[in-house]
Amino acid sequence: MEQVQDRRETSAADGAHISVRGLKKRFGPKVVLDGVNLDVKRRSSMVIIGGSGTGKSVLIKCIIGLLRPDAGQIFIDGEETTQLKGRAREHLMGKFGMLFQGAALFDSLPVWENVAFGLIQGRGVPRRKAREIAIEKLAQVGLPAEVAGLYPAELSGGMQKRVGLARAIAAQPEIILFDEPTTGLDPIMAAVIDELIVKTVREVGATAITITHDMNSVRRIADEVAMIHQGKIIWHGAVSQLENSGNPYVDQFIHGRAEGPIRMQVTKG
Amino acid sequence: MNPLAQIGRAVLTVLAEIGRLAVFTWHALGIGLLPRWYFRQWLLQMVRMGYFSLPVIGLTAFFTGGVLALQIWIGSSRFNAENLVSSIVALGITRELGPVLAGLMMAGRVSAAIAAEIGTMKVTEQIDALTTLSTNPLKYLVAPRLIAGVVTLPLLVVVADIIGIMGGFVVGTQKLGFNAGSYLANTVNFLQLDDVTSGLVKAAVFGFIIALMGCYHGFHSRGGAQGVGRATTNAVVSASILILAANYALTATLFAK
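For the protein sequence lines, the chains are F and W, in the order given.
The numbers in the numbering used here rise by one with no breaks, and the one at position 21 of the first sequence is 16.
Offset between the second sequence (1-based) and the numbering used here: plus 1.
It is possible that part of the hints are untrue.
Dumping the calculated SDA-like pairs for lysine to any residue here, alpha-carbon to alpha-carbon at most 25 Å [stated by the list, open to error]:
1) F/Lys36 with F/Thr195
2) F/Lys90 with F/Lys25
3) F/Lys124 with W/Arg37
4) F/Lys25 with W/Pro36
5) F/Lys36 with F/Glu75
6) F/Lys80 with W/Trp27
7) F/Lys124 with F/Gln96
8) F/Lys90 with W/Tyr39
9) F/Lys80 with W/Pro36
10) F/Lys25 with F/Glu198
11) F/Lys80 with W/Val48
12) F/Lys124 with F/Lys36
Since the hints were derived computationally from the structure, they do not count as laboratory data.
If you're wondering where the values come from, they're calculated on a predicted model, not measured in any experiment.
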C-alpha cells in the first residue's frame, strides 16, 4: 500500500506531456536547480522566463537529457527518463527537436545536410530522399531551395536560426525546445522567428518549451508561462494572467525594472 | 599562501586530469568503437589526417635522412668505419626517427586541428546538437579520428622510412662519394624486417595518442575562443610529451633483446 501511495505522489500529473518533479542540479558549490516542479500539457507552448544565470538552460538541458540531474524525476509520456542510457536514451532523443541559442549548425556541412542530419544519421533515410525532405522543411521556414547548397557561415544570424528551426522539425519531433530563439536578432527578425515558431509548432503538432527573456517573444509564443528564480519555479500560469500575476518578482521582470526583489547576479550560473 | 596547500592543490589538479582522461579514453573505446559505425567519417578523417600530412612528413624524413648521413659519416670517419653510414641511416630512420619525427609532426598538425575543431564545436553547442539528433559524438567524432590515427600514422611512417633512407642515399652518393649500388646493397642487406615493424608498432601507438589528445582537449574546452586556444596548445604539448614518453617505454620493454 505504501508503495502505491509513493508512486502517486511522485508520478506525472494526469495528461501532462512533460512532468518535472523535484529536479536538482548543482555545479560544484553552485546550486543551479533547487527542486523544480513543472508540468507541460500536450501540444501546448510553455515559455520559461527568468534572468540570466537562473538555470533556464540547465532545466531544458536536463529535460532533453544533455545534462543528468543530481536528484528529481522527469516524466515524458508518463515514463521516467533521468536514468535512461544507451539505446533507450537515443530512442527518447528521437522524440525531441531543439533549436539552440547560436543555432549550432554544423559548419562543415551544407545547409541541406544540416537539416537532414537527424534523418540521414539517426534514421538511415537515403541521402537523395533526405535532401528532398530538407528542401521541403526549408520551404516551411520560408527559405528558398537555393539556400540548400550554401554553408552555414554564408548565412546571416536570422537565416541560421531558420535553418536551425528547419533542422529541429525535420524528424517530426513530439517535443521541441527553443533556447533563447530571438537573442541577438533585430526586432523584425525576432518577430519573424516567433511567428515561424508558432506556425511550425502548430503544423508539426508538437509540445513546445521555450526559454527566453524577450517579453515580446513571450507574448507571441506562449500559452503558459513559468518564471524561474534562484533554481525554483516561483510563478506559473496562463500568459493572459502574466500582467496580473500579483507576484513582485514577475512584475519586476516583465516590466524590466532595475529596482525590486530580484538582485543582479554577477557571476555566471 | 600556504605552500602545502598549493602543493596539495596541484597534486589534486593533476590527479583529476588523469582521472578525466582515463574516463574519456574508456568511453571512447567502450562506447565509441561499438556500432554504429560512420564509415564516411572514418574515410574522411583518414584522408584529412593521413593523406594531407604526406608533404610535411615526407619533407621532414628527407632532410632528417640527409642530416643523419652527414653526422654518421663525421662520427664513423674518426675510426675509418665510413661504410657503416648506409646501414646506420637505415636503422636510425626505421627504428627511431621515422616514427618519432612523423609522430611529432603529425601531433603538431593534427592534434591541434582536432582540438580546435572539436573545441569550437563544443563551445558553439554543435556537440549538444549532435546528441539531440540521435547521434553519439563519441561514435561520430571521436572514433573516426582514433581509427584514422592508428591506421594512417603507420602508413605515413612506411613512406617516411623510404624517403628518409632516400635522403641519406642522396647525400651519401652526391656529397660523401659513396657508390650508389653498394650503398643500396648495404642498406638492403643489413635491414631486418623487425627494424621496420617495430617502428610501425610505435607509429600505431603514437597515432592513437595524437587523435586521443586532440579529441580529449577539444571535448573539455570551455569559455569561447580563449578556451579553444588553450585546448589546442594543450593538445599539441601533451601529445608530443606522451609520444616521447611512450617511445621510451615501447623501446625499453617491447623491443629489448
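For each hint, the structure was consulted:
no. : hint                  : verdict
1   : F/Lys36 with F/Thr195 : holds, 18 Å
2   : F/Lys90 with F/Lys25  : violated, 31 Å
3   : F/Lys124 with W/Arg37 : holds, 21 Å
4   : F/Lys25 with W/Pro36  : violated, 38 Å
5   : F/Lys36 with F/Glu75  : holds, 16 Å
6   : F/Lys80 with W/Trp27  : holds, 16 Å
7   : F/Lys124 with F/Gln96 : violated, 29 Å
8   : F/Lys90 with W/Tyr39  : holds, 22 Å
9   : F/Lys80 with W/Pro36  : holds, 16 Å
10  : F/Lys25 with F/Glu198 : violated, 40 Å
11  : F/Lys80 with W/Val48  : violated, 33 Å
12  : F/Lys124 with F/Lys36 : violated, 34 Å
Figure legend: structure checked against the earlier numbered hints; hints not met, in rising order: 2, 4, 7, 10, 11, 12.
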